[in-house]
Amino acid sequence: MSTFDPRVRIGSLTMTNPVGVASGTFGYGSEYEQLIDLSSLGALYTKAVTLEPRPGNNIPRIVETPAGMLNSIGLANVGSRGFTREKYPYLRDLPCSVIVNLAGSYIEDYCQTLEYLEEHAPLAGYEVNLSCPNVKCGGMALGTDPAQVAEVTRELRKRTKKPLIIKLSPNVTDITSIAKAAEEAGADAVSCINTLVGMLIDTKHKRPLLSTGTGGLSGPAILPVGLAAVYRVSQAVSIPVIGLGGIMEADHAIQYLLAGASAIQVGTANFVDPSATARILEGITDYARREGLASIQDFHQFLGRKAQL
Amino acid sequence: MSTFDPRVRIGSLTMTNPVGVASGTFGYGSEYEQLIDLSSLGALYTKAVTLEPRPGNNIPRIVETPAGMLNSIGLANVGSRGFTREKYPYLRDLPCSVIVNLAGSYIEDYCQTLEYLEEHAPLAGYEVNLSCPNVKCGGMALGTDPAQVAEVTRELRKRTKKPLIIKLSPNVTDITSIAKAAEEAGADAVSCINTLVGMLIDTKHKRPLLSTGTGGLSGPAILPVGLAAVYRVSQAVSIPVIGLGGIMEADHAIQYLLAGASAIQVGTANFVDPSATARILEGITDYARREGLASIQDFHQFLGRKAQL
Amino acid sequence: MHHLHATVIHNRPAARGYLSLRFSWPETSPVPKPGQFLTIRVSDSPVPLLRRPFAFSDTGDGWAEILYEKRGTATTLLGGLQQGDSLDLLGPLGNSFSPPREHRRPVLIGGGIGMGPVLYWSRILAAQGYRPLLIIGARDKGLIPDLDLPRGIDFLPATDDGSLGFHGTVVDCLVNYLENHPEAEHGNLELYSCGPNPMMRALHSWSRGQLPPAPLWVSMEQTMGCAVGACMGCVVKVHGEKPFARVCMEGPVFDSSLIDWEGVGHEYL
Amino acid sequence: MHHLHATVIHNRPAARGYLSLRFSWPETSPVPKPGQFLTIRVSDSPVPLLRRPFAFSDTGDGWAEILYEKRGTATTLLGGLQQGDSLDLLGPLGNSFSPPREHRRPVLIGGGIGMGPVLYWSRILAAQGYRPLLIIGARDKGLIPDLDLPRGIDFLPATDDGSLGFHGTVVDCLVNYLENHPEAEHGNLELYSCGPNPMMRALHSWSRGQLPPAPLWVSMEQTMGCAVGACMGCVVKVHGEKPFARVCMEGPVFDSSLIDWEGVGHEYL
Ligand SMILES: Cc1cc2nc3c(=O)[nH]c(=O)nc-3n(C[C@H](O)[C@H](O)[C@H](O)COP(=O)(O)OP(=O)(O)OC[C@H]3O[C@@H](n4cnc5c(N)ncnc54)[C@H](O)[C@@H]3O)c2cc1C
Ligand SMILES: Cc1cc2nc3c(=O)[nH]c(=O)nc-3n(C[C@H](O)[C@H](O)[C@H](O)COP(=O)(O)OP(=O)(O)OC[C@H]3O[C@@H](n4cnc5c(N)ncnc54)[C@H](O)[C@@H]3O)c2cc1C
Ligand SMILES: Cc1cc2nc3c(=O)[nH]c(=O)nc-3n(C[C@H](O)[C@H](O)[C@H](O)COP(=O)(O)O)c2cc1C
Ligand SMILES: Cc1cc2nc3c(=O)[nH]c(=O)nc-3n(C[C@H](O)[C@H](O)[C@H](O)COP(=O)(O)O)c2cc1C
Ligand code: FES
Ligand code: FES
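Residue numbers (UniProt numbering), protein chains in the order written: chain A, 1 to 309; chain B, 1 to 309; chain C, 1 to 269; chain D, 1 to 269.
If we strip away everything but chain A, and leave its shape as in the complex, we get (with noise of 0.2 Å):
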């Protein structure tokens, strides 16, 4: 058995481990803290904060499908304000790596929620989502166009110093091109998946399960989706991939970690199994001691990852 150093960077920022638990599922780490070690998570990655609160989309918001959820939870939050008044105490001090997940409609929000999170409620870095398919206006056409994208990271880059990560949807006709254009403005990381748009209807009452119609789709059902775009992604970026999208089990993030992603994230699977990202990191690590694999860049040797900076 040789040794395995776990240890992800992105950016400036060394955390401690690949296993991070996705935003929007994780709330804001005190929902899990009697459940988990919260000093074992690589990162967490908050609720999505927008600049002014949210209520979220009407009820209902979450249903299963085969294998899978739909939710349209639709960003509701409490707003950079009431996140720095109620949320970031508890964050601050959190024995892990804390990057918070942004959102908004406009470029504008964007910057405006960063430039007041910095100043007033600063964590380890961002994720910019561009890319929720529950919000009408804007955000879903941000994240599904080249250019938009490289101005809302040039203008976020300019904001900060700390690691900014891009959340890549799905849904769109070429993920790379996406992926490149944060790349080229200066992002220091992507990360991928967010949710696939789906529907199911109510055949009973004929209409949509989901009162806003469509929602996002996670869980198992779309690992193969993940995996294909953090794949293809792996192989047009050379700046580290975040992998996420139906990680349920050890074995799924260590096909991640070989498609080309250098951290994962834990999503769904924390509402079926709150224990689910110890047991994932603990299968990465005995895979790569087993394997003989030293650090997470040696899962990249086997699929002709782009090579890293």
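Worth double-checking, as some hints may not be accurate.
To be verified - Derived DSBU-like pairs: lysine-lysine, alpha-carbon spacing no greater than 35 Å straight-line:
id, chain 1, residue 1, chain 2, residue 2
1, D, LYS242, D, LYS33
2, C, LYS33, C, LYS141
3, B, LYS306, D, LYS242
4, C, LYS70, D, LYS70
5, C, LYS141, B, LYS306
6, D, LYS70, B, LYS204
7, B, LYS306, B, LYS158
8, B, LYS158, A, LYS180
9, B, LYS158, B, LYS180
10, D, LYS70, D, LYS141
11, D, LYS141, B, LYS206
12, B, LYS306, B, LYS180
13, B, LYS206, A, LYS180
14, A, LYS158, A, LYS306
15, C, LYS237, C, LYS141
16, B, LYS158, A, LYS204
17, A, LYS206, B, LYS306
18, A, LYS158, C, LYS141
19, D, LYS242, B, LYS206
20, D, LYS141, D, LYS237
21, A, LYS206, C, LYS33
22, C, LYS242, A, LYS204
23, C, LYS70, C, LYS141
24, D, LYS33, D, LYS70
25, A, LYS204, B, LYS180
26, C, LYS70, C, LYS33
27, C, LYS242, A, LYS206
28, A, LYS204, A, LYS180
29, A, LYS306, A, LYS180
Stated by the list, open to error - Quick list of the computed label-pair ranges, beta carbon to beta carbon:
id, chain 1, residue 1, chain 2, residue 2, range
30, D, ARG71, A, SER30, 36 to 44 Å
31, A, PRO95, C, LYS242, 49 to 57 Å
32, A, ASP93, D, LYS70, 44 to 52 Å
33, B, ASP93, C, SER86, 53 to 61 Å
34, C, SER86, D, ASP255, 33 to 41 Å
35, C, LYS242, A, GLU291, 46 to 54 Å
36, B, SER40, A, ALA278, 47 to 55 Å
37, A, GLU119, B, GLU184, 49 to 57 Å
38, C, ASP44, A, PRO122, 36 to 44 Å
None of these hints come from the bench; they were simulated from the model.
Since this is a predicted model, take the numbers as computed values, not measurements.
Glycine included, every Cβ here is placed at the ideal spot set by N, Cα and C.
Assemble chains B, C and D with the ligands onto chain A, guided by the hints.
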């Protein structure tokens, strides 16, 4: 219990009922003749036919995913001449509508294949697969660009009066723009969705589980994605929409009809349960009678399908 | 809140379509309070994926119990569990019923699978010396379990077809009771309810129409993602400065006047 | 080929990790031939999704049997079946072993889960008056079932660790047998094999090196979609004008010289 007319009109063709079998999952019919009553099918969509024979991709070509499967068959088929010689005599005499699924790499291929079949192997209509994710050259780009979709549709429209169905890929940013392009260029219907790009990795051997790396994801896992696509497309075009993706049960098919589809196709479910089509047709009929829906159009009143011509 | 693996003690029919599942509950875990719930991961397979929430219907020495209805995939799988099988549980979750104020008389009204928590609450209240009135509504008598209730509970079944107890809805049953028991004045009651939204809504409307209106506590349901307050999935519409409240955190028990009954909509119950 | 619902007659351990599943097989369905297979839908759930293929290992009056290994999701679920349970089957599928030509002596070589079809074939051959030589290879003796073979079969187990029978591979076992039985000349044999690809490939290479080479039939495996020839999913690389042949239609039994052994690759066996 009211009466229900299950017939569906696509262009000049009347299908006896809305339940068809999806291209690539039902061969050329003969493979299933011992298992189901082919006269009970609304339509049989053949495996893709290309101008020249194609061997298909290397093995392995199939792998199971959570509630789905990936395939990279790669348009393996006997070509237009082989089709005419070996498959046509059987298909011609079948007691159900037979739609030939056309594939190729360039617009020219599609035109030549259609011309050849119009002359030598005339069947009920054509479904144009512009969107197979398993063919490297051309195919992918073709189906993702509205201008090219319009062009291929226009060219094929010139060459046939038979129903022309454009099959849409879900791997695009805006499926409605593709559907509209097809409609404006003269398509009689669109069918959606084809498979999603997906991948799985064999962590033991550190390589993709499909020879081609990525492949096409089908099965229940993609049900919500297909439904969202059909719902959106149905609100964008007024030609009939044929829905597919993950249909295993009558309830799934009914969801598609409510979402705006005029007919549906059963794909992967044929592998799982060869009698799925019969079960599904029965379920649709029972539902229509119970709910007092007299025709397929009646399914469209609840979720705001764009009015049909 | 603990994530634990319990062992099935029994899993047996309680009424038509209802089963009672009793399982070990460790001393080291907090004792579940009436109104609280747990979530169960019913299988290791990705289908069904999400944990399913169930309210506690009773607890005892080293055990706890839920009463559930076979409805879909997960509850059908639950129905197959046998003594000795292992159960993946998360709980106790959510808030709980609070004792009646000012020595009001507790009136507990349950319908369908909402029976569990009010049964549990009636036992606890009886043990604390209250004399709860317990009304359980159902379509017919086959849907009302044989309840081995302790003394001190006034139990009134109400069936839609009159096959057991009062012939009519739970609201009519309560009205009828009050008419026949003039001493039990509305102003002296505290109402607790769990059941289908339409039932609780009817109870709320009726209760608001009384003078003075008695406090009514309702235990709400909503499809859940995390059940620990993280996902914002399980909300119900409420009056007040925030438009939504989470069933898993602020609930499941709410003051009925907080609930926006127009916005409850979703008739999954 | 029928789609039918059979009933489990027994499902019991046959060796370490192997089980034998016997089920009803209707008179009205074609009698499965050695080499043929069926597919089973192991659950109604979407996970596992695809039907799983298994070769017949025996048949009898109103029943048929498979021998299987618990490998993953589907086979683990199969392991839970009990007498009286219902089975969703599709079969018999594929081609079958053909009798030896020119009175050649049949030599049957099985390894791992490839045992099933050669066992069945050996019984049929013995019943037809042949004297098959049956070689079963395994890592150790725990992996070789107790075979209740009829008379007329020369059975040679071969284990990697020598814990039962010949100490070595099935090829070495065969070579050794031929050395000790000069009357059994290579030119007078017809070989049939089912097992891991590397084993069959080694057998093929060895056999091609003999003069004259004996015919070798191999039963191939490949992940299947439809199992009825429709999806083109289950192909193997072959020599000849078409580059691929379907295991479910042109196979599973192939003339080993038709197989492109370089292209078999995939080590899932
Ligand atoms: C706080 C709370 C307490 C509950 N207590 C009980 C109880 O004591 N006994 C009992 O029988 N049931 C209870 N339920 C409801 C129970 O969770 C559902 O019956 C169960 O999840 C259905 O799962 P299924 O797979 O069998 O059905 P499904 O096939 O998933 O669905 C059947 C119906 O149940 C609803 N449902 C599905 N998932 C959920 C979910 N996660 N949360 C709520 N509803 C859902 C669906 O909308 C659907 O109409 C409670 C729910 C909540 C939120
Ligand atoms: C013609 C044929 C005959 C077979 N006969 C037998 C038999 O007699 N006894 C027996 O134990 N097994 C037999 N197999 C293999 C058997 O189908 C697999 O072991 C089974 O599908 C594994 O399912 P699982 O869900 O338990 O494993 P999984 O978790 O799906 O996978 C375990 C392994 O089995 C392989 N596998 C998965 N699905 C298939 C599939 N559809 N076809 C082939 N391999 C697959 C995978 O590559 C993987 O390495 C046969 C396969 C074929 C093609
Ligand atoms: C309930 C829920 C809420 C989510 N909210 C957010 C969010 O606020 N911001 C964001 O970037 N992604 C959000 N996501 C997407 C997840 O972070 C993740 O990208 C997606 O769920 C895929 O991963 P999974 O399959 O592991 O869940 C949310 C997902 C779920 C299920
Ligand atoms: C094995 C396989 C082969 C396929 N081949 C074709 C094809 O040749 N042409 C085509 O248009 N679609 C093809 N498809 C896509 C299906 O027709 C269908 O669009 C897709 O599988 C989604 O439906 P499903 O989830 O019901 O299977 C194929 C699908 C599978 C699984
Ligand atoms: S279920 Fe996630 S917040 Fe309540
Ligand atoms: S499994 Fe479909 S062709 Fe063989």
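Cross-check of the supplied hints:
With a C-alpha separation of about 27 Å, the suggested pairing of D:LYS242 with D:LYS33 holds against the 35 Å cut-off. In summary, the hint linking C:LYS33 to C:LYS141 is supported, as the alpha carbons are separated by about 28 Å, within the 35 Å threshold. Between B:LYS306 and D:LYS242 the alpha-carbon distance is near 47 Å, which puts this suggested pair outside the 35 Å criterion. A C-alpha spacing of about 31 Å is found between C:LYS70 and D:LYS70, which places the hinted pair at or below 35 Å, so the restraint holds.
Taking the CA atoms of C:LYS141 and B:LYS306, the gap is about 48 Å. The hint is violated against a cut of 35 Å. Restraint check for D:LYS70 and B:LYS204: satisfied, since their Cα atoms lie roughly 18 Å apart, inside the 35 Å limit. At most 35 Å may separate the alpha-carbon atoms for a hinted pair to count; B:LYS306 and B:LYS158 meet this at roughly 26 Å. This hinted pair does not check out: B:LYS158 and A:LYS180 have alpha carbons roughly 40 Å apart, beyond 35 Å.
This hinted pair checks out: B:LYS158 and B:LYS180 have alpha carbons roughly 18 Å apart, not beyond 35 Å. Note on D:LYS70 and D:LYS141: the hinted pairing holds, with a Cα-Cα distance of about 18 Å set against a maximum of 35 Å. A hinted pair counts as satisfied when its Cα atoms are at most 35 Å apart, and D:LYS141 with B:LYS206 qualifies at roughly 32 Å. Annotation: proposed proximity of B:LYS306 to B:LYS180 holds, straight-line Cα distance about 12 Å (limit 35 Å).
As the CA atoms of B:LYS206 and A:LYS180 are separated by approximately 26 Å, the hinted pair is consistent with the 35 Å bound. Distance restraint check for A:LYS158 and A:LYS306: the Cα-Cα separation of roughly 26 Å lies within the 35 Å cut-off, and the hinted pair is therefore satisfied. Taking the CA atoms of C:LYS237 and C:LYS141, the gap is near 34 Å; set against the 35 Å cutoff, the hint holds. For the hint pairing B:LYS158 with A:LYS204, the CA-to-CA distance comes to about 43 Å; that exceeds 35 Å, so the pair is violated.
The suggested pairing of A:LYS206 with B:LYS306 holds, with an alpha-carbon distance near 17 Å, which does not exceed 35 Å. For the hint pairing A:LYS158 with C:LYS141, the CA-to-CA distance comes to about 70 Å; that exceeds 35 Å, so the pair is violated. About 30 Å separates the Cα atoms of D:LYS242 and B:LYS206, which keeps this hinted pair within 35 Å; it holds. This hinted pair checks out: D:LYS141 and D:LYS237 have alpha carbons roughly 34 Å apart, not beyond 35 Å.
For a cut-off of 35 Å, the pair hint linking A:LYS206 to C:LYS33 is broken: about 38 Å separates their Cα positions. In summary, the hint linking C:LYS242 to A:LYS204 is supported, as the alpha carbons are separated by about 31 Å, within the 35 Å threshold. For a cut-off of 35 Å, the pair hint linking C:LYS70 to C:LYS141 stands: about 18 Å separates their Cα positions. A threshold of 35 Å between alpha carbons decides the hint, and for D:LYS33 with D:LYS70 the separation of about 24 Å falls inside it, so the pair holds.
Straight-line distance between C-alpha atoms of A:LYS204 and B:LYS180 comes to about 31 Å, which keeps the hinted pair within the 35 Å bound. A distance of roughly 24 Å separates the Cα atoms of C:LYS70 and C:LYS33; the hinted pair therefore holds under the 35 Å criterion. Our distance criterion of 35 Å between C-alpha atoms is met by C:LYS242 and A:LYS206, whose separation comes to about 30 Å. For a cut-off of 35 Å, the pair hint linking A:LYS204 to A:LYS180 is broken: about 45 Å separates their Cα positions.
At most 35 Å may separate the alpha-carbon atoms for a hinted pair to count; A:LYS306 and A:LYS180 meet this at roughly 12 Å. Taking 36 to 44 Å as the suggested C-beta distance range, the pair D:ARG71 and A:SER30 conforms, at roughly 43 Å. In this structure the hint that A:PRO95 and C:LYS242 lie 49 to 57 Å apart at CB is violated, the actual value being about 30 Å. Judged by the Cβ atoms, the range 44 to 52 Å given for A:ASP93 and D:LYS70 holds: they are separated by roughly 48 Å.
For B:ASP93 and C:SER86, the hinted distance range of 53 to 61 Å is satisfied, since their beta carbons lie about 57 Å from each other. Taking the beta carbon of each, C:SER86 and D:ASP255 are about 51 Å apart, not inside 33 to 41 Å as hinted. Checking the proposed 46 to 54 Å range against C:LYS242 and A:GLU291 shows it holds: the Cβ atoms sit about 50 Å from each other. One distance hint, 47 to 55 Å for the beta-carbon pair B:SER40 and A:ALA278, holds here, with the actual separation near 52 Å.
For A:GLU119 paired with B:GLU184, a C-beta distance near 51 Å keeps the hint of 49 to 57 Å intact. Restraint check, C:ASP44 to A:PRO122: a C-beta distance of roughly 41 Å satisfies the suggested window 36 to 44 Å.
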